[in-house]
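Chemist: Here are the chains, one letter per residue:
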Amino acid sequence: EAGVAQSPRYKIIEKRQSVAFWCNPISGHATLYWYQQILGQGPKLLIQFQNNGVVDDSQLPKDRFSAERLKGVDSTLKIQPAKLEDSAVYLCASSSRTSGRLETQYFGPGTRLLVL
Amino acid sequence: AQSVTQLDSHVSVSEGTPVLLRCNYSSSYSPSLFWYVQHPNKGLQLLLKYTSAATLVKGINGFEAEFKKSETSFHLTKPSAHMSDAAEYFCVVSHNTDKLIFGTGTRLQVFP
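Sequence order for the protein chains is A and B.
This note's numbering numbers the first residue of the first sequence as 1420 and each following residue consecutively.
This note's numbering numbers the first residue of the second sequence as 2 and each following residue consecutively.
So here's chain A without its partners, still in its complex pose:
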């Protein structure tokens, strides 16, 4: 079974530029998550999708971050404009959760973003 795919793996941009990350979850997984992992910290949930609907985006800085999952499969996370403090690893995860049960989340390798 193929895992969660993410691209690009690395990205360097200057502040105030925009950037987009892509995630392809495990086939058949209805739930998709984006996390931000700042150096020295644990991952923090940014947004959760159930199929193509948003379940939780309470931690997403909506003035500059946006995410979509239009067809309930792939997802993109965008930052516009980027700030220095956005430098982090952005992790995508998916799970097969479709009911109230807690299912295992499977993580992709992440995209490492450096904002100069």
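Because the hints were derived from the structure by calculation, they are not lab data.
There are no misleading hints in this set.
Computed cross-link-like contacts, EDC-like style, restricted to lysine to aspartate or glutamate with a CA-CA straight-line distance of at most 20 Å:
id, chain 1, residue 1, chain 2, residue 2
1, B, K100, A, D1475
2, B, K100, A, D1476
3, B, K50, B, E65
4, A, K1497, A, D1475
5, A, K1463, A, D1476
6, A, K1463, B, E89
7, B, K100, A, E1522
Some chain A residues well away from chain B (every beta-carbon gap over 10 Å; in silico):
id, residue
8, I1431
9, K1434
10, R1435
11, V1438
12, K1490
13, K1502
14, S1506
Some residues of chain A that are not near chain B, with every Cβ distance over 10 Å (derived):
id, residue
15, N1470
16, G1472
17, P1480
18, K1481
19, P1500
20, E1504
21, V1534
Keep in mind the model is a prediction, meaning the values are calculated, not measured.
Cβ coordinates follow ideal geometry from the N, Cα and C atoms, glycine included.
On the provided structure of chain A, position chain B as indicated by the hints.
Modeler: Chain B alone, transformed into the frame defined by chain A:
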């Protein structure tokens, strides 16, 4: 509110000696607890999880953890460290929802 505290940011052991990574949790409800491992340039991988069944949980690669409600702890152990165990380990809590709350991580170094 839920949280986890990983008591050590770095742990160093010699190959073949026991590993102990400490984690304390705070939760108003019966929590689900996890340990994830992160190898360099690889995704987070689930080692084991506790979801209110047996308090001693066995995971992959010889790791296990014991849920102790009286101590609000969920320490990760392995009897004998291997060089390949060197990685970052995260203790995670959830209250039976999808929202995972991660600790700050413990970096395990294994010396030959």
